[in-house]
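Enquirer: Residue numbers (our numbering), protein chains in the order written: chain A, 1 to 82; chain B, 1001 to 1229; chain C, 2001 to 2756.
Hints are computed from structural coordinates only; laboratory data are not their basis. Where is the CB? At the ideal position from N, CA and C, for every residue including glycine. There's no promise every hint is true.
[As the list claims (entries may be wrong)] Derived lysine-lysine pairs resembling DSSO-like cross-links, with alpha carbons at most 27 Å apart: (1) B:Lys1170 - C:Lys2585; (2) C:Lys2210 - C:Lys2070; (3) A:Lys10 - B:Lys1113; (4) C:Lys2158 - B:Lys1109; (5) A:Lys19 - B:Lys1109; (6) B:Lys1113 - C:Lys2585.
[As the list claims (entries may be wrong)] Derived list of chain B stretches under chain A, where covered just means 3 residues or more per stretch with a C-beta under 8 Å from a C-beta of chain A: (7) 1050–1061; (8) 1103–1112; (9) 1146–1160.
Given next are the chains, with one letter for each unit.
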Amino acid sequence: MKARVHITLKTGVLDPQGKAIEKTLANLGFGGINTVRQGKIIELDLAETDPAKAQAQVTSMCEQLLANTVIENYSVELDAAQ
Amino acid sequence: MKAAVVIFPGSNCDRDTLVALERITGRAPVPVWHTETDLPPADLVVLPGGFTYGDYLRAGAMAARAPVMAAVQQRAHDGAFVLGICNGFQMLTETGLLPGALMRNAGLKFICKDVYLSVARTDTPFARAYPAGRPIRLPIAHHDGNYFADDATLERLEGEGRIAFRYVSKDGAADADANPNGSRGNIAGIYSDNLRVLGMMPHPERLIEPALGGSDGRPLFEGLMEALS
Amino acid sequence: MTKTSSSATAPAQPQTGAAAPEPPITAAMVKEHGLTEDEYARVLRALNRPPTLTELGIYSVMWSEHCSYKSSRVWLKRLPTAGPHVICGPGENAGIVDIGNGLAAVFKMESHNHPSFIEPYQGAATGVGGIMRDVFTMGARPVANLNALRFGAPEHDKTRHLVDGVVAGIGGYGNCFGVPTVGGEVEFDPAYNGNILVNAMCVGIAPADKIFYAAASGVGNPVVYVGSKTGRDGIHGATMASAEFDDDSHEKRPTVQVGDPFTEKLLLEACLELMAEDAIVAIQDMGAAGLTSSSVEMAGKGGVGIELTLDAVPCREDAMTAYEMLLSESQERMLMVLKPGKEEVARRIFEKWQLDIAVIGTITDTGRMVVRHHGVTVADLPLDSLNDDAPLYERPYEIPSPAAPLDIAKAPAPANAAQTLVAMIASPAVCSRRWIWEQYDHTIMGDTLQRPGGDAGVVRVHGTNTALAVTVDVTPRYCKADPQAGGKQAVAETWRNLSATGARPLAVTDCMNFGNPERPDIMGQFAGCILGMKEACEALDYPVVSGNVSLYNETNGQGILPTPAIGGVGLIEDARLYARMDGMKAGDDLILVGDEHGHLGQSLYLRDVLGVDLETEGGAPPPVDLAAERRNGDFVRGLIATGRLSAVHDVSDGGLYVAVAELCLASRIGAHMSLPEGLPAHAALFGEDQSRYVIALPTALTRQALRAAAKAGVSARHLGHVGGVDLIAEGCDPISVEMLRTAHEGWFPRYMDATH
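Could you build the full structure based on these sequences and the hints that come with them?
Expert: Here's what the structure looks like:
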């Protein structure tokens, strides 16, 4: 089973990388961008086949390592195929 | 003063730290590998600078989960002194021994230069050997030194006198120009609530003799030695 | 090749499935592999049969320009490589010189030009990674990095992006690995618009009696692979080798290698730990042409044979073919030959450092390289053919006749010399490179005595009272105008940089960057530069101990300027007695050592202030009198050893006015400087005469110093004195040092932060 973790900065945490991207897009002529936030995607290929167990496992991984919950939020997506 | 220096895969300031400590304390510190679950007897445990685990995922994140860190946390709870330098500071925030987080520098670039720091209070064991009222100079060398904590945490740190160092101009002004990385409040180092755990981004171990450009790194260790004797 | 199902991502697990037979060799394949008909005929003669595809791949990389130096060997042999302190000259992974205290300096410079143009961050990063491996594979801990970078014109639309990426990549790799980057040079010129140059140099220190070489020995000894897993990085032209063309074949074959400095740091520590045990017979890093070049060279140098079983190679991609495994340029890998029975101690160490380790072969006495995969022999080649029968070309060359001396009418005086100085200090050629070196950690390892910005980087030799001075330099416009003079000047200038810090120059590493050697004019540039370098190395007792050649740096027939980058290393006997630029004090005198002839030919003044086309009207470059160079440097070094000088700076690009300005900037104080009689003022101020130094010293010592100079046959004159807040050259407006600083520090950040 494949899992995909999206990690993003919490609102209120300054994101200088997002800001730099925003400015560069504007310089390239892309208008109408209000904000840009940069995050991460972590893809996991798990042996576990039970979705509930996989969800619990990955959530635990997020809490313990993958996300710094002081400054980051996370969400977990499971890919049923495989 | 007995010291232990913890070494992780990717630590690269461990030798500098071991050398500085031996030179200043007169006693060779004990290096401790990250897989140890016990620490030797030590008055001071140091988490040195470097790029442990390549700074992959987040700086200090994986080192903070190393087997040895449980022992480090226990020592801190038992009242030992713990010093986290640069990557070590990042590890301390990742374990929760210190609040907040160190993020990518606001300028997005790695920065290596000397900075001036105000010593916020000189009545702690770490800072007692610094002169009150004049800034000190130490080198920084980091990509992720931008200190972040939410408003409530910052208020608490200020209120409890737990700011250790701030980036300032040569004349002592904690303004934007003096802030190399965007840290909130120009914060360069903070203490735990018992003032015995110190995390700082600048590298005291790199400026301990005039030949290297200055000695403002010495008093940090000398003060601690005094406090312990 | 058919896809086999395998667990190729697990370390050292045997791959299942049979290998499909390789296709027969066609003329087109030979050509695609970069071999000429003649070269292929040699292969046929050596084997007495056609090669397999894998064997063709092996020959093609071993006989490539990069690995065999076929165009350059005949010229490189002419360089002097021996000396009383040389432990190892060219031919090994790096050069080695004795530095006293039972220690040796191990150093080399290498280019990573083409990859950096394509992917500046990773190209530069892997360049740094590669050169550091060349140093630590010999048992030396890296202690200082430098780099020589050349970019196109600032206005060229790719330049900013390339500067950004290259600098970030060098910092990203070096900082994480943990070596201070203490020096370098950066140049902008339209000649590099289509071909940037990224030359990375590394200096390491090893115990002089514990150097590790690549020559394998001991029949039956295990051949061991350590480091990162092998992927499909950097396999060019291998796409036609495999029948596996499918939708994601493009994705599967990255041509840019991605560096992993964290793994390289682990590899460094693991290798140094194993080297401390008595376990290693031979070791070499896997660089260009990866497993192929390391195994062929190690067995070749040892006069032995080698057998490899590719099934044991740790792979990170599925179903890698023999061809791919042999040609992969995945980074952070080493190949070792161990003493019998030492596999366990190696395994323990490499597992501690979380690195892959696998026994992948044995040393034999057959003199052949035999490679097996899935039970099939995919290569069986004679090593002497691969190593010694590589073609050696004596390419036709035409050394251009040196440019005629400058017609002085083409070099009129400026309206206002002081304003011209400010403009030069503010120009891309002269301005501060702080924007760059503040992105490099230059204080890690706690031994950096002189940080970037001076004449040379200075690092203490850990645990001793000595220090090393390190520098890299070359003036390509001089080499274009007169290759021999330019080659000579490049060597002399590094010798001077080192002497200016008080170091005794020991030896050189070179990085020869040129265009297409099949053009006689380019080959002539190469030959001319080598001849000039040879002359200077001999006269200065400054041998070449290692080097690298990068050819074909051209786009659409437009070649780069001939750029023989010279890296110099010198020894400072007493680390307390070295010279810096920032110690001038109010009341000091200034002395100028060296002759003044007002030589404006090929100068920055001509090129950047007057806008003269150097190629057609630039005149001849400033000549180097090697005997005077030596006398002057030895004299300055002697003065520095007294410990009583305030500051020293050698004179280079921009001439005397720029040199004194740079001293004022470093020391944060003004100065008065006088001009010599008999020369036009602007020629004296901006001429780039060689072999010169500006010295600041207490006035009490001036007369003594000038007398000593005269006695040593060294030209020297009282130049001026230090004090005030302005730089005042005779007959020129005063310029405040603060204004100079604004000019000096302004260009780079403004240029790099500009939005466009």
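Enquirer: For each hint, tell me whether it holds in the structure or not.
Expert: Outcome of the hint check:
no., hint, in the structure
1, B:Lys1170 - C:Lys2585, "holds, 21 Å"
2, C:Lys2210 - C:Lys2070, "violated, 32 Å"
3, A:Lys10 - B:Lys1113, "violated, 31 Å"
4, C:Lys2158 - B:Lys1109, "holds, 20 Å"
5, A:Lys19 - B:Lys1109, "holds, 14 Å"
6, B:Lys1113 - C:Lys2585, "holds, 24 Å"
7, 1050–1061, "holds (count 3)"
8, 1103–1112, "holds (count 6)"
9, 1146–1160, "holds (count 3)"
Against the hints set out earlier in the document, violations occur for numbers 2, 3.
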